[in-house]
Amino acid sequence: MIHDSLIRERLVTGGKTASDVTRDIARPILNKPSTAWKVGFTLSVIFLGIFVVSLFWTLWTGIGTWNINKSVMWGWDITNFVFWVGIGHAGTLISAILLLFRQKWRMSINRSAEAMTIFAVICAAMFPVFHMGRVWVGYWALPLPNAFGSLWVNFNSPLLWDVFAISTYFSVSLLFWYIGLIPDIATIRDKVKTKAAQYWYRFFSMGWTGSTRTWARYELISLILAGLSTPLVLSVHTIVSTDFATSVIPGWHTTIFPPYFVAGAIFSGFGMVATLLVVARKVMNYENYITIGHLEAMTKIIMLTGTLVGIAYLTEFFIAQYSGVEYEQYAFLNRASGPYWWAYWSMMFCNLVSPQVFWFKWARTTPWFIFIMSIVVNVGMWFERFVIIVTSLHRDYLPSSWVMYAGSLTEIGLFLGTFGIFFTCFFLFAKFLPVINMSEIKTILRNRE
Amino acid sequence: MGHGHHKIEITQEQFTVPAKAKRFAIGLTVIGLILAGIGIATMDNGSSHGHSHEATTVVKHDHAATENHGEAAEAGKHVAETEHHGNVENPNFGPRAEFYTQTKPWATRIWSNILIVGYLLFMVSLAALFFVAVQYIANAGWSAAIKRVPEAISTFFPVGFAIAFIAILVAKNDLYHWVHYEHLHLTKGQPGFDAILDGKSWFLNSKMFLIFPVVLVAIWWLLGRKLRSLSVAEDSAQPGDVSFFKKSIRFSAGFSVIYGFTIAVVAWLWMMSIDAHWFSTIFGVYNFATAWVTALTIICLFVLYLKSQGYLKIVTDEHIHDLGKFMFAFSIFWTYIWLSQYLLIWYAHIPEEMSYYQIRFEEYKFNFLLNVVLNFLCPFLILMTRNSKRNPVVLTIVGCILIFGHYHDVWLMVVPGVFGPGQQIGLLEIGTLLTFGGVFIFWVLNALTKRGLIAVNHPYIEESAHHDVGV
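Residue numbers (this note's numbering), protein chains in the order written: chain A, 1 to 449; chain B, 1 to 471.
These are calculated hints, taken from the structure and not from any lab test.
What you are looking at is a predicted structure, and each value in this text was computed from that prediction instead of being measured.
All residues carry an ideal CB built from backbone N, CA and C; glycine is no exception.
Take these hints with a grain of salt, some might be off.
[Stated by the list, open to error] The calculated lysine to any residue pairs, modelled on SDA-like cross-linking and capped at a C-alpha distance of 20 Å, are: (1) B:K325 x A:G227; (2) B:K246 x A:A297; (3) A:K300 x B:G260; (4) A:K300 x B:H408; (5) B:K7 x A:D4; (6) A:K300 x B:F261; (7) B:K325 x A:L6; (8) A:K104 x B:A138; (9) A:K361 x B:S256; (10) A:K104 x B:K325; (11) A:K361 x B:E462; (12) B:K325 x A:Q103; (13) A:K300 x B:E462; (14) A:K361 x B:R250; (15) B:K246 x A:L6; (16) A:K361 x B:L377; (17) B:K325 x A:E9; (18) A:K442 x A:G227; (19) A:K282 x A:W60; (20) A:K104 x B:E462; (21) B:K246 x A:E9; (22) B:K450 x B:V232; (23) A:K282 x A:G227; (24) B:K325 x B:L377; (25) B:K246 x A:A363; (26) B:K246 x A:T365.
[To be verified] Estimated spans, in silico, between C-beta atoms of each pair: (27) A:S247 x B:S308: 49 to 59 Å; (28) B:L377 x A:L223: 23 to 33 Å; (29) A:K361 x B:M384: 37 to 47 Å.
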């Protein structure tokens with residue numbers, strides 16, 4: 001069935017057998033938590049605490065605790081929202097699009113990337129939800145039959161499309177992730193010792209028996225969900241981009257936004273996957289599963305998507321000057337040379353210039369360097385959203401409305417706090433669920449036999 | 001599973017063009033010329049402007065349109081327009097009515113058709129080269145068995161380029177209203193001065209227009225030639241020698257980066273500048289999407305043809321299925337890019353952007369909708385099932401729809417901007433497409449004979465021969 005060329009690198013190294021896979025990957029779940037896990041989890045919970053405090057302050061006092069104002073009405077909040085939604089995209093790309101492209105290297109990383117997607121979308125949702133101010137009427141964002149007179153959602157608004165796109169995306173990602181987990185949960189079910197653990201793993205394995213019939217259904221549903229997720233992942237960041245691009249704000253209204261946002265999302269998502277996995281493979285001893293070859297493939301995607309985003313930056317800049325529209329021309333010159341020049345050039349350096357280092361094999365195969373680069377990538381992508389949002393808003397059409405904007409302590413606290421949410425979830429996931437898809441990995445072990 | 005382990009014989013194949021295929025290609029060209037001739041003979045010259053006047057000036061209008069018409073007369077024409085639309089504060093958003101009527105409709109129509117077909121074939125053949133490069137940088141195994149087909153198609157891109165370039169050299173004054181404007185040498189304050197076009201002269205000028213694409217084509221051609229020569233040298237290398245393969249990856253990466261950064265520039269210069277007042281940041285991506293899906297279609301059709309003639313023995317339904325998936329998937333990609341451009345411009349409704357769709361939606365509504373039917377609905381609905389993607393007849397039908405659909409897509413980019421309202425696809429258009437389509441087929445078939453059809457020493461050829469999609 002499989003005739004892999006001899007020049008292809010092995011996807012799983014170290015001569016692992018199927019029982020090795022189960023033992024290695026179930027180990028963190030069956031054993032007591034390691035010191036590294038305890039330290040990491042504690043730190044995450046501290047950051048989660050920062051989120052709780054900042055959120056409490058926001059709700060207790062009001063949105064006035066944020067520095068957003070009449071001109072810059074979106075600031076750190078929407079920057080963070082787009083940042084986190086973007087990070088989520090790599091998970092779906094790996095699990096769905098790479099599945100359709102038969103990229104088998106995805107099998108070692110898809111589980112953790114999908115988990116990351118779900119946690120990132122939760123983090124993202126915090127910002128628009130709490131930006132509503134009166135969060136207790138947040139359900140008004142849904143088109144529900146209601147008793148509020150003629151109150152009804154505006155179907156023409158991309159902000160509403162966002163509500164639909166992101167909630168659908170979250171549901172399908174969760175479903176995809178969970179379905180993929182079922183065979184592995186069943187494996188854990190058969191290994192855990194305590195009554196409580198047996199009960200819960202049995203509950204979530206949904207009576208998985210491993211019969212041919214269940215496998216056939218499992219594979220079919222995986223393919224269908226992959227097919228559904230592929231347009232979905234493109235649609236989510238496309239709609240996020242239309243939040244800006246349907247407007248008439250210079251620097252926002254530009255037709256390249258949809259594909260450019262999607263490329264940027266995949267770029268930042270792979271940045272975050274690399275951040276997590278470079279550490280996880282070391283700490284959890286998974287170097288034979290998440291090999292240097294996997295890291296190399298990820299860095300190539302980072303370089304590709306970073307360059308695509310760079311092409312979009314240059315295109316925008318060029319067309320703005322070409323357009324003859326003075327507002328467009330000014331918006332882009334102001335980005336590069338106005339008061340937020342440092343944000344613009346940070347973005348340019350981190351997203352377009354720095355990934356070019358991955359042309360060198362050393363850079364693609366040195367884990368500590370990839371780790372640093374993955375952070376640089378995400379700093380750059382945060383700045384990209386900040387640049388788009390703040391530089392276009394802070395100089396209104398009306399010069400008397402020109403203002404400067406910087407995040408308040410509360411806004412900064414909320415952003416740092418979402419890292420608490422994200423990592424707390426991720427550490428819990430790494431403790432209670434297998435971070436690598438055991439059943440899929442076992443199918444590629446036999447390649448060389 | 002067991003059956004997969006048997007050894008598949010991989011032997012070199014030498015293609016010779018069957019006489020029937022030659023007749024077909026030549027026949028297409030002849031029929032195309034006849035149709036185009038009938039089209040020209042029966043053309044409604046359309047305007048009250050004197051036919052004889054145009055006939056006398058057509059020969060030299062390339063060099064000296066302004067002299068022919070007289071600068072004063074030209075400038076005078078623009079007075080009315082300037083008063084009508086306003087001036088610097090309120091720039092007009094599209095070409096002037098004077099531009100449409102001062103052209104020689106029949107000659108311009110011929111040249112615009114040559115530009116459309118030449119540009120399409122150029123972009124498509126170049127996209128075939130990009131396909132080859134993508135296979136290397138993505139480390140793809142399945143496609144090794146068919147790679148000689150896109151390599152052969154890619155040899156055509158300088159020809160397609162030359163066809164389009166000739167049309168531009170001869171008729172740029174009538175095809176591009178900014179070229180026409182450039183020759184007027186108007187300065188600020190003069191009647192007819194157009195601030196927008198004047199502001200674009202750093203990019204939209206005859207030097208940039210003619211030199212830049214030639215430089216790019218030279219670079220692409222050198223890289224393409226290198227990739228093809230590496231590929232053919234590999235055939236006579238020692239089995240297991242991966243040095244050609246590794247070099248190919250490097251050149252593919254280099255080509256892809258250059259292609260990615262520059263392909264949009266050609267689209268801006270040659271296509272977007274037809275509507276010189278208009279701009280769209282996604283336009284380069286849109287042109288790429290059109291070329292890419294058409295290239296995948298043409299690759300698929302050539303593979304099907306070779307297969308039907310008994311060649312490409314190691315290519316199976318699995319490979320065909322994958323090509324069908326590409327046609328399906330990238331038709332959706334094209335639609336995504338199409339929608340991104342249209343939706344955002346429609347939604348924001350800014351006058352300087354609307355002009356492009358206003359004329360296309362109001363004056364060319366049938367074509368506007370047909371574009372989506374041919375390029376999205378047809379492939380989407382017909383190729384959705386697994387069986388249709390493995391069926392040569394269905395793929396051929398959808399392939400023809402897509403080729404015509406994307407020809408029509410380029411037609412719709414060009415014609416409303418050159419002629420204004422009132423044009424339609426007639427015998428001349430079909431004839432031009434068939435004429436150059438025949439030339440293209442003849443050329444590619446001939447290119448296929450120049451080397452073995454199978455990349456026998458490609459490191460992934462075994463993998464490709466055993467390719468199995470599974471579901």
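Checked hints:
no.: 1; hint: B:K325 x A:G227; in the structure: holds (12 Å)
no.: 2; hint: B:K246 x A:A297; in the structure: holds (16 Å)
no.: 3; hint: A:K300 x B:G260; in the structure: holds (16 Å)
no.: 4; hint: A:K300 x B:H408; in the structure: violated (36 Å)
no.: 5; hint: B:K7 x A:D4; in the structure: holds (14 Å)
no.: 6; hint: A:K300 x B:F261; in the structure: holds (18 Å)
no.: 7; hint: B:K325 x A:L6; in the structure: violated (27 Å)
no.: 8; hint: A:K104 x B:A138; in the structure: holds (13 Å)
no.: 9; hint: A:K361 x B:S256; in the structure: holds (18 Å)
no.: 10; hint: A:K104 x B:K325; in the structure: holds (19 Å)
no.: 11; hint: A:K361 x B:E462; in the structure: violated (27 Å)
no.: 12; hint: B:K325 x A:Q103; in the structure: holds (16 Å)
no.: 13; hint: A:K300 x B:E462; in the structure: violated (25 Å)
no.: 14; hint: A:K361 x B:R250; in the structure: holds (12 Å)
no.: 15; hint: B:K246 x A:L6; in the structure: holds (14 Å)
no.: 16; hint: A:K361 x B:L377; in the structure: violated (44 Å)
no.: 17; hint: B:K325 x A:E9; in the structure: violated (27 Å)
no.: 18; hint: A:K442 x A:G227; in the structure: violated (23 Å)
no.: 19; hint: A:K282 x A:W60; in the structure: violated (43 Å)
no.: 20; hint: A:K104 x B:E462; in the structure: holds (18 Å)
no.: 21; hint: B:K246 x A:E9; in the structure: holds (14 Å)
no.: 22; hint: B:K450 x B:V232; in the structure: holds (10 Å)
no.: 23; hint: A:K282 x A:G227; in the structure: violated (33 Å)
no.: 24; hint: B:K325 x B:L377; in the structure: holds (15 Å)
no.: 25; hint: B:K246 x A:A363; in the structure: holds (19 Å)
no.: 26; hint: B:K246 x A:T365; in the structure: holds (18 Å)
no.: 27; hint: A:S247 x B:S308: 49 to 59 Å; in the structure: holds (53 Å)
no.: 28; hint: B:L377 x A:L223: 23 to 33 Å; in the structure: holds (24 Å)
no.: 29; hint: A:K361 x B:M384: 37 to 47 Å; in the structure: holds (42 Å)
In terms of the numbered hints stated before, the structure departs from hints 4, 7, 11, 13, 16, 17, 18, 19 and 23, listed from lowest to highest.
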